[in-house]
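So the sequence lines, in the order shown, correspond to chains A and B.
Counting from 1, one number per residue, gives the positions in the first sequence under my numbering.
Counting from 1, one number per residue, gives the positions in the second sequence under my numbering.
It is worth saying that the hints were derived from the structure and are not from the lab.
Hints are supplied without guarantee of correctness; some may be wrong.
In silico lysine to aspartate or glutamate, EDC-like type, Cα no more than 16 Å apart, as pairs [to be verified]: (1) A:Lys133 to B:Asp249; (2) B:Lys37 to A:Asp251; (3) A:Lys13 to A:Glu30.
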Amino acid sequence: MTRSRAGKPLQAKREVQGDLLRVGRAASSEIHLPDPRVALNQGLIVFRDGLVYSEGDAAIVSHAQTTRKAVRSVRLKPGASVNVGPYRFTGVQAPEGYDAALSIELVKPLAEAASGLATRASRLTLASLRLPKRWAAWALALAVLALFFALPAGRILDLPWRAASQSTGITGDRFWNPGPMILAHQPIETRCAACHTAAFQHVKDRACLECHTAVGHHVGPELKPAVLFEGARCASCHRDHKGVRATHRDDDGFCVACHRDIGRKASSTQVENASDFATEHPAFRLSLLEGDSVRKVRQGEDDLTESSNLAFPHAPHLDPAGVKSPTRGRVRLDCGACHHPDASRRAFQPISMERHCRECHRLEFEPAVTSREVPHGKPAEAVNVVSDFYASLALNGVKDSFEKAFGVPGEGLLRRVGQPSESQRKVALQLAERKADRVSADLFEVRVCSTCHEVGRNDAGWTIAPVRIASRWMPQARFSHRSHAQSKCADCHDVARSLDSSDVAIPDIKTCRECHTGSKPVEKKVASSCMLCHGFHDAGHPWSPAKPGAVAEARGAR
Amino acid sequence: MKHQSILEYANFRWFKVAAALSAIAGFAYGLHDPSTKPYGGSALGYTLGTVAALLVLWLLWFGVRKRLYRSTLGTVQGWLSAHVYLGTALLVIATLHTGFELGWNVHSLAYVLMVLVVASGFYGVFVYLRVPGAITGNLGDETLQSLLLRMADIDKDMREKALSLPDDLFRVVERSVVATRLGGNVFRILSGRDRGCPTASAARELPELAKRLTGEPANVNKEVYTLLLEKNELLARVRRDMRHKAILDLWLYFHVPLSVALLAALAVHVTTVFIYW
Numbered sequence: 001m002t003r004s005r006a007g008k009p010l011q012a013k014r015e016v017q018g019d020l021l022r023v024g025r026a027a028s029s030e031i032h033l034p035d036p037r038v039a040l041n042q043g044l045i046v047f048r049d050g051l052v053y054s055e056g057d058a059a060i061v062s063h064a065q066t067t068r069k070a071v072r073s074v075r076l077k078p079g080a081s082v083n084v085g086p087y088r089f090t091g092v093q094a095p096e097g098y099d100a101a102l103s104i105e106l107v108k109p110l111a112e113a114a115s116g117l118a119t120r121a122s123r124l125t126l127a128s129l130r131l132p133k134r135w136a137a138w139a140l141a142l143a144v145l146a147l148f149f150a151l152p153a154g155r156i157l158d159l160p161w162r163a164a165s166q167s168t169g170i171t172g173d174r175f176w177n178p179g180p181m182i183l184a185h186q187p188i189e190t191r192c193a194a195c196h197t198a199a200f201q202h203v204k205d206r207a208c209l210e211c212h213t214a215v216g217h218h219v220g221p222e223l224k225p226a227v228l229f230e231g232a233r234c235a236s237c238h239r240d241h242k243g244v245r246a247t248h249r250d251d252d253g254f255c256v257a258c259h260r261d262i263g264r265k266a267s268s269t270q271v272e273n274a275s276d277f278a279t280e281h282p283a284f285r286l287s288l289l290e291g292d293s294v295r296k297v298r299q300g301e302d303d304l305t306e307s308s309n310l311a312f313p314h315a316p317h318l319d320p321a322g323v324k325s326p327t328r329g330r331v332r333l334d335c336g337a338c339h340h341p342d343a344s345r346r347a348f349q350p351i352s353m354e355r356h357c358r359e360c361h362r363l364e365f366e367p368a369v370t371s372r373e374v375p376h377g378k379p380a381e382a383v384n385v386v387s388d389f390y391a392s393l394a395l396n397g398v399k400d401s402f403e404k405a406f407g408v409p410g411e412g413l414l415r416r417v418g419q420p421s422e423s424q425r426k427v428a429l430q431l432a433e434r435k436a437d438r439v440s441a442d443l444f445e446v447r448v449c450s451t452c453h454e455v456g457r458n459d460a461g462w463t464i465a466p467v468r469i470a471s472r473w474m475p476q477a478r479f480s481h482r483s484h485a486q487s488k489c490a491d492c493h494d495v496a497r498s499l500d501s502s503d504v505a506i507p508d509i510k511t512c513r514e515c516h517t518g519s520k521p522v523e524k525k526v527a528s529s530c531m532l533c534h535g536f537h538d539a540g541h542p543w544s545p546a547k548p549g550a551v552a553e554a555r556g557a558r
Numbered sequence: 001m002k003h004q005s006i007l008e009y010a011n012f013r014w015f016k017v018a019a020a021l022s023a024i025a026g027f028a029y030g031l032h033d034p035s036t037k038p039y040g041g042s043a044l045g046y047t048l049g050t051v052a053a054l055l056v057l058w059l060l061w062f063g064v065r066k067r068l069y070r071s072t073l074g075t076v077q078g079w080l081s082a083h084v085y086l087g088t089a090l091l092v093i094a095t096l097h098t099g100f101e102l103g104w105n106v107h108s109l110a111y112v113l114m115v116l117v118v119a120s121g122f123y124g125v126f127v128y129l130r131v132p133g134a135i136t137g138n139l140g141d142e143t144l145q146s147l148l149l150r151m152a153d154i155d156k157d158m159r160e161k162a163l164s165l166p167d168d169l170f171r172v173v174e175r176s177v178v179a180t181r182l183g184g185n186v187f188r189i190l191s192g193r194d195r196g197c198p199t200a201s202a203a204r205e206l207p208e209l210a211k212r213l214t215g216e217p218a219n220v221n222k223e224v225y226t227l228l229l230e231k232n233e234l235l236a237r238v239r240r241d242m243r244h245k246a247i248l249d250l251w252l253y254f255h256v257p258l259s260v261a262l263l264a265a266l267a268v269h270v271t272t273v274f275i276y277w
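Using the sequences plus the hints, can you model the full thing?
Below, the structure written as structure tokens:
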């Protein structure tokens, strides 16, 4: 039933059939109440000797409700009514042939209800609040672009605000720095331009070489390093911004990549293949000094003798019974008597005649008369000293000395009474000269110099072959004696029976392998990567016969 | 048909794809032995970075795809499933791309934004799995609008009935009718409650005020009070519903702006890396 505008009832009759009639908003309900204020399944109408409307548990709107709708059940006798949401059900007299009848009227139309609270409650969702989702997205994106790109890029891209981008610490390109630099580079860490000179280009080797002027190539010029390493940049191996310790990793992979089959990479090389110290590493190749050149000889392959031009047998000097000292009786020498560590304690100070030999190896030429010695070093000066001595003795010598030295009775010419004649003078000097010649020859060739040196003679006089004592036999290897201080010298250097200075006492690879294994750890051994002993940039021999310091200069120039 | 969540879409197809992608990336990372240390600029680093950047662009495209109602390239459900799982794979791939190196720089900014976006996405998935059930539990067959209309009816009834009550009681009821607020600001919408709600305080105060009533006014008051309780109940459900829907929306207010910021930071990251190559 609806009502006209004047309030007059307008009726629409409908017939429904069923054991029970569902009441609700649901379209499947037999009594369909199309109003949002009605529950989907609001209630039921059953026939129990007349209509009974009930709602409650069976029609509970939601189980989440705490104050449940009371279960109610109303018998719709004619005239009796019940409110169902905005509708009113009223029982009416059943017409002929029907069990029952019911009038349904919408008493609270929707338009009337939509007032008050419903109209005030317009902003119930986040969307209705107009929160700035899109605006925030743009703002954030623009802030990131401006702060971290546009401003810092001023310098490198030469934008109008170039000066500002260089001066401000907050917006500078330091936020582009991907990671900590090695300690040595930290002084230039904030000056990206020191290395990154041009945009969208790799860091140039030029930038590195500006400071690293003395870096050498991996190989000597004879192997044409520019061709051999074509395409390689400093940064191929050295990557900065990877931590404060190093720009590269001491990784055998670097070395083995080429040295596993080195002939293929550099056909003219003389080095042999190496991939691991324990399993594949050639015998040591020693650099031996020979005259003005360096001879490289592999251990176990060739004549491994050295020509230092010095006669020095280790064995007699290390005699357990000691050596005879002119002043101290028998003295036992050990290695440290002559081999003193240098300041780095990695290597040793050079052997010196003055400090290490002269206490015993005295340069006396007339021990019967004097303890005077000839100076060490220059043969001509030694000859002069000898000549002067005998000339002086012939002129001024006391009787005793004169007779001992010359083996004839007499004394110095000037000690005699009266003025000596010219012929007497000549005789005396001839005597002195002959004696000096004899003594010098004895000194150089028999008694003193030749004990240790190669003595020769030319028109100018005696010559001593220059002494070349090597200090580094394996210049490509980094070896520190300090790191091996727990070992005895003899563990590696077997000189106790060496009778000749041509013997080379450098240990072979077997000796090293007693303690050192390859890069893979082995119990009770020292794991040793290539870089433990070798460097990459250390090409060339530190000793150059051409001129002292030549190697360092040559490396700097490259 | 049984409801199928986006997580189990197509028998976990995108989970399998994402897991395979992450596993391949992890495996490659384990095998890779760069010359210095793992970082974004090694061969694998560039590869992972490229994959991650393409993933970011594709994930952002979801915002466009879901509005292309006519597109037949997969279903939006499938896209969302892929969006969730590949977004998770991005977390793995981008982390491996960093080589576990973070610092105060724009590169890490992009990474952190990526993590925030993925994390807010995880939260979004979580709420979308949890909240819809709670909405249904709270509303049942009703809608927010029907609850509001019912409340309006109650207001009308209650006011009519309360007219015959003494002034102090009427004032309490009238305040509930006139001054009860729903939503209006973020806090009230999100909290799902209103501490100073006039209806709640009316429901608290009315029994005390009505103690002195006898006879007919007492009966009227009882009816008013019943209506008041019903309205209070409806209010609680409406507020819970607002809260639920706001929770479903809120994470997007972070997810979307952060992902656009991520796009900017990613662009800066890639550009600057190659400016200072």
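Hint check:
| no. | hint | result |
| --- | --- | --- |
| 1 | A:Lys133 to B:Asp249 | holds, 11 Å |
| 2 | B:Lys37 to A:Asp251 | holds, 11 Å |
| 3 | A:Lys13 to A:Glu30 | holds, 14 Å |
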